Amino acid sequence: MTELQDCIEMTVPAKPEYVGIVRLTVSGIANRVGYTYDDIEDIKVAMAEACTNVVEHAYQDEGSISIRFSVYQEYVEFKIADCGQEANVNALKKYRGPIQPDESIQDLKEGGLGLFLIETLMDDVEIKQEKGVAILMKKYLQKDGVAHGSDGFKATINENR
Amino acid sequence: MTELQDCIEMTVPAKPEYVGIVRLTVSGIANRVGYTYDDIEDIKVAMAEACTNVVEHAYQDEGSISIRFSVYQEYVEFKIADCGQEANVNALKKYRGPIQPDESIQDLKEGGLGLFLIETLMDDVEIKQEKGVAILMKKYLQKDGVAHGSDGFKATINENR
Amino acid sequence: MNLDLQTKALSVGTRLYVGGEIDAYTAPQLKEALMPLVEKQEAYVIVDLEEVNYIDSTGLGIFVGALKAADQHNSTMRLVSLNDRVKRLFSITGLDEVIDIAEKREETNQ
Amino acid sequence: MNLDLQTKALSVGTRLYVGGEIDAYTAPQLKEALMPLVEKQEAYVIVDLEEVNYIDSTGLGIFVGALKAADQHNSTMRLVSLNDRVKRLFSITGLDEVIDIAEKREETNQ
Ligand SMILES: Nc1ncnc2c1ncn2[C@@H]1O[C@H](COP(=O)(O)OP(=O)(O)O)[C@@H](O)[C@H]1O
Ligand SMILES: Nc1ncnc2c1ncn2[C@@H]1O[C@H](COP(=O)(O)OP(=O)(O)O)[C@@H](O)[C@H]1O
Numbered sequence: 000m001t002e003l004q005d006c007i008e009m010t011v012p013a014k015p016e017y018v019g020i021v022r023l024t025v026s027g028i029a030n031r032v033g034y035t036y037d038d039i040e041d042i043k044v045a046m047a048e049a050c051t052n053v054v055e056h057a058y059q060d061e062g063s064i065s066i067r068f069s070v071y072q073e074y075v076e077f078k079i080a081d082c083g084q085e086a087n088v089n090a091l092k093k094y095r096g097p098i099q100p101d102e103s104i105q106d107l108k109e110g111g112l113g114l115f116l117i118e119t120l121m122d123d124v125e126i127k128q129e130k131g132v133a134i135l136m137k138k139y140l141q142k143d144g145v146a147h148g149s150d151g152f153k154a155t156i157n158e159n160r
Numbered sequence: 000m001t002e003l004q005d006c007i008e009m010t011v012p013a014k015p016e017y018v019g020i021v022r023l024t025v026s027g028i029a030n031r032v033g034y035t036y037d038d039i040e041d042i043k044v045a046m047a048e049a050c051t052n053v054v055e056h057a058y059q060d061e062g063s064i065s066i067r068f069s070v071y072q073e074y075v076e077f078k079i080a081d082c083g084q085e086a087n088v089n090a091l092k093k094y095r096g097p098i099q100p101d102e103s104i105q106d107l108k109e110g111g112l113g114l115f116l117i118e119t120l121m122d123d124v125e126i127k128q129e130k131g132v133a134i135l136m137k138k139y140l141q142k143d144g145v146a147h148g149s150d151g152f153k154a155t156i157n158e159n160r
Numbered sequence: 000m001n002l003d004l005q006t007k008a009l010s011v012g013t014r015l016y017v018g019g020e021i022d023a024y025t026a027p028q029l030k031e032a033l034m035p036l037v038e039k040q041e042a043y044v045i046v047d048l049e050e051v052n053y054i055d056s057t058g059l060g061i062f063v064g065a066l067k068a069a070d071q072h073n074s075t076m077r078l079v080s081l082n083d084r085v086k087r088l089f090s091i092t093g094l095d096e097v098i099d100i101a102e103k104r105e106e107t108n109q
Numbered sequence: 000m001n002l003d004l005q006t007k008a009l010s011v012g013t014r015l016y017v018g019g020e021i022d023a024y025t026a027p028q029l030k031e032a033l034m035p036l037v038e039k040q041e042a043y044v045i046v047d048l049e050e051v052n053y054i055d056s057t058g059l060g061i062f063v064g065a066l067k068a069a070d071q072h073n074s075t076m077r078l079v080s081l082n083d084r085v086k087r088l089f090s091i092t093g094l095d096e097v098i099d100i101a102e103k104r105e106e107t108n109q
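Residue numbers (numbering that gives the first Met the number 0), protein chains in the order written: chain A, 0 to 160; chain B, 0 to 160; chain C, 0 to 109; chain D, 0 to 109.
Hint data in this document are derived by calculation from the structure and do not stem from the laboratory. On a predicted model such as this, the values are computed, not experimentally measured, just so you know. The beta carbon of each residue, even a glycine, is placed where N, CA and C say it ideally should be. Treat the hints with caution; some may be incorrect.
Claimed, not checked - Using C-beta positions, here's what the derived DEER-type ranges look like:
1) A:Gly96 x C:Met34: 57 to 65 Å
2) C:Asn82 x B:Asp123: 23 to 31 Å
3) C:Glu41 x B:Glu109: 36 to 44 Å
4) C:Gly18 x D:Asp3: 23 to 31 Å
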């Protein structure tokens, strides 16, 4: 039922100019696998967030981003990993939410939305300590117009189209 | 002068549906590196030919295509490798040319143009026996409108644009 | 990522419109649409490649196969509206010498 | 793969047209164009995102920074012509509650 069908791997330098190339590859794979237009865009954002985190936080010097796509019948598991310094993975798991409208403008932070977006856009997200930080995220394929997983927001958006 | 700048690697299943995904990634990388439009299209064809050969000839059963892009200042080296059975690499190195107009139609072959296209479109091509067959090909970046390498045909085409 | 394939009956013959990228994945779709057309006796088949933006040797091979089948059935196959990139691959491989390819884009409205 | 950035002087204020994908690679370009506009005292800046088809948190962060700078300089920043995808990311993150975003596409011709 959830037998692995295909596995695609990719390694790129941890530099900002490669995040767009990863997005291009992601859109090709997601398209081929059969995701809806909106799901493809969500996956592109989530993947870019994970890659950008590696670019910005994983390495002192140079390093690379390892990406793996595991294609199953009902979902794809996306893994983004680095070999950076030991990160405080528990800190990465703390509660994240959207910006609060009652915050004063000067208290708003310019960062800190990446992991929140990943968790919101993907169906199942796991953060692990491996050689560096590894993020595993699943996105279920929508069949017969019914969204699997618990992404109620997306279901609403789709209805509006 | 020709110091390695970036290295990108990719592994995909040796199935026809992944050749287009490789092309998409190739176009993203070639674009970023700064190739002209025509060069990008040439590289896409050459990469697709090499990948299609792996899909069609390398494995009895399943297998994968390994791709590596080594970005240097003046060129990119593209490597496509498989882990298929031992192939007769010498046979792969025999002379190849275009179709002869005096051949009778019924003698024309439907295949056999892949390696010829690779050799014509890329600047420097090497075929090696490694775990399976490995093809290494270089494409120089055009600077100041002057083509490096010996690709006279392309230069003519460019003039017509 | 599939080909877009449509046929239209002409006063004489058939026009096959092809759109998309012709590669190892999509070539079988082209073959399935094209072969039955050229395998009729004395057929006249125009293949319109205006919407094709990519072709490689797998696609070229389909046209070689179709040419041979057309030849066997006294049929005619003509390719029209090739963009520069697609045309170029027919030229490099020498296939433009054996396959009937309309020279100018204007010739396509026949 | 760079951003397309153009400014136009309005009878009151400035309009910044942005085109392309706003991500970690291009966000610095946006920042460089946008910050000087909102860092003027009592400026009025319209950012036209009609040609932006992708944004992620790095790009959202630039707008948060610009909002803070605008606030410090008694300036106004208004985002217009967002496509559904881009708008959606401002909504999910709650940024549409703090940043002035024109509701309908029509409102952009001011
Ligand atoms: N790959 C990583 N390696 C090390 N630290 C990371 C990694 N990814 C995320 N982090 C940490 O988690 C924090 C939150 O990440 P995120 O929500 O994406 O926001 P931002 O990147 O804008 O700070 C980062 O500031 C960083 O400290
Ligand atoms: N990766 C490979 N593994 C094994 N054999 C190969 C490989 N690539 C090419 N070959 C051999 O070289 C021949 C010529 O290849 P090519 O010029 O691409 O034409 P075609 O693939 O249409 O036969 C193939 O028919 C095959 O026998």
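Here's how the hints hold up against the structure:
At roughly 59 Å, the beta carbons of Gly96 (chain A) and Met34 (chain C) sit within the given window of 57 to 65 Å. As the Cβ distance of Asn82 (chain C) to Asp123 (chain B) is approximately 28 Å, the hint placing it in 23 to 31 Å holds. Between Glu41 (chain C) and Glu109 (chain B) the beta carbon distance is about 23 Å. The supplied range of 36 to 44 Å is therefore violated. For Gly18 (chain C) and Asp3 (chain D), the Cβ-Cβ distance of about 29 Å falls inside the hinted range of 23 to 31 Å, so the restraint holds.
The structure shown violates just one earlier hint, number 3.
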